[in-house]
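Undergrad: Here the protein sequences come in this chain order: A and B. Take 1 as the starting number for the first sequence in this note's numbering and just add one per residue. Take 1 as the starting number for the second sequence in this note's numbering and just add one per residue.
Hint data in this document are derived by calculation from the structure and do not stem from the laboratory. Computed from a predicted model, the values in this text were never measured in an experiment. It cannot be assumed that every hint is accurate.
[To be verified] According to the in silico footprint, chain B covers these stretches of chain A (three or more CB under 8 Å from chain B):
hint: 1; stretch: 122-130
hint: 2; stretch: 222-231
[What the hints assert, rightly or not] Keeping only pairs whose Cα atoms sit at most 27 Å apart, straight-line, the calculated DSS-like set for lysine-lysine is:
hint: 3; chain 1: A; residue 1: 98; chain 2: A; residue 2: 198
hint: 4; chain 1: B; residue 1: 100; chain 2: A; residue 2: 6
hint: 5; chain 1: B; residue 1: 175; chain 2: A; residue 2: 2
[To be verified] Ranges between beta-carbon positions, derived for each pair:
hint: 6; chain 1: A; residue 1: 2; chain 2: B; residue 2: 166; range: 14 to 22 Å
hint: 7; chain 1: A; residue 1: 59; chain 2: B; residue 2: 43; range: 41 to 49 Å
hint: 8; chain 1: A; residue 1: 86; chain 2: B; residue 2: 43; range: 26 to 34 Å
hint: 9; chain 1: B; residue 1: 84; chain 2: A; residue 2: 141; range: 37 to 45 Å
hint: 10; chain 1: B; residue 1: 133; chain 2: A; residue 2: 86; range: 45 to 53 Å
C-beta atoms are modelled at their ideal positions from N, C-alpha and C, and glycine is treated no differently.
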Amino acid sequence: MKNERKRTFLLITIPILALFICFNTIPLIRGVIYSFTNFKGFGSYDWVGLRNYADLFTDARVGRSYWFTFKLAVVTTIVVNVLSLLLALALNSKIRAKSFFRGAYFLPNILGSLVVAYIFNYFFTYILPAVADMIGIDALRTSILSDPGSAWIGVMIVCAWQAIAMNTIIYISGLQTVPEDVYEAGGLDGATGWKQFKYLTFPLIIPFFSINMVLCIKNFLMVFDQIMALTKGGPAQSTESISYLIYNNGMSGGQFGFQSANAVVFFIVIVIVSVAQMKFSGKKEEQL
Amino acid sequence: MIEKKTNISAMTVLILGLSTIALPLYLTIVIAFKQPSEMTNSISGILSLPKAWSLNNFREAMEITNFWNSLKNSLLITGLTVVLSIVVHSLMGYALGRNKAKSKFYSFVYLFIVSGMFVPFAILMMPLAKQTAEMGLANWFGVILLYVVFYMPMNVLLYSGYLVNIPMALEEAAKVDGASTWTTYWKILFPIMRPMHATVAVLTALAVWNDVMTPLVIMAGSGENTLPLAQLNFQSQFGTNYNLAFASYLLSLIPILIFYVICQKQILNGVVNGAVK
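Chain A extracted, bound-state conformation (with noise of 0.2 Å):
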């Protein structure tokens, strides 16, 4: 029966739309209504209109957050493809105990990042700083996490260590597409070493290439977890990501509703990055 069929399709969807709507689509509205007014998160409040927007572009701490973020989301980018792109060729080469190794590289992505910043915290905090004095350098001699120059650096490490894993991987299932035959054929017109790379098997993993940018701006732009762990936004709020602002001065700061103005300009720039970048690598593809 054809009834039956659409009867029981509509039944599936309408609730789960309803939760999805319920717990997605109304918070986020919600979030926007917030966004014009002076609410601290308790008590009364009043419409501003769109005084949270006009203060937010003024706001130096706020500038100063998507400032650190960005650069950070950009450095640590660069560094994880580089290093990963690295690992995944030397890890699909021929060499011993593939497997192992393998395995052992993805390793860092399955631990919590969190548990994972406060245990950097540590090295950064005693052990680097007491490596440096043996060795007698005497940049290091303090923690990195104590400098507001330096700080963003720390993060970026932490960051780096556990993307790095998950790139590798995805690079790896990229350079497993490339079939042999193309090494041989561009063998003998001479491609070999940086040649092939440059000319063979970087534009045949470009798909791969663009899922691993996406994957990392995205992930990058939202970090929290090492920042409560590593800085708390210190010092001097030198590391405020975005979301740590957000959730620091929005659920315990008294600004909920000017945050909520922060988030939402938050949102519409993680849009229009993934856009650009989807529309950017759209076009990359085509060319080949």
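Assemble chain B onto chain A, guided by the hints.
TA: Chain B alone, transformed into the frame defined by chain A:
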């Protein structure tokens, strides 16, 4: 063709690179077993093995962080989320995947849900903290419901993508035999989608198990912890006893390490499938 030899330079890079993973893990283990008096600032002191392999640090850390209760919560939340995700998301993927090509309504719902992938938790967190409190869901059950919603876009995308390759003929054959759509789904389609269930289970389990933000925002007032949340909430109680803190960190990592050792192949496959599709 000449048999290629082992790539020596690749091996060297890999072994050196492995130390950046092995060293932090090694240090975590030895620090977790040491006593505060064994902590010295010399390289040999940092690298040395503990004098005794005593489990006292772990016993104490378990008491401070209420380990078994947090473990129970983490297992409960992760387990139920995975089961619910497989059931709910595969059904939704089926309903949307089978209809979106010919129905405007279903293709709209599909786009509507999949575009939820762009919504960062940061914008939902404050309204959701209020909403779950109002609805009496500021607890582990609320957290599970939220996870089912948060991972819906990704999983529905995966399931409906997988269904494209499953021919309609299977369903039509069952229909001829008089089975309802509902029965056909559970008897024929659900079992066929097993590879995708594995991918969804791995991706959802890893994400939920390690998530901090959702329980932090939603369960803050409930007095209950998940394993990562316990590390955050009891951080101050370790004071300067880093050995105790590391014992606690190691304890919280052990369940997922065991899981990884047992199901490494499935996890790697699941993660790659999820990302590449």
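Undergrad: Tell me, in ascending order, the numbers of any earlier hints that this structure violates.
TA: Violated: hint 9 alone.
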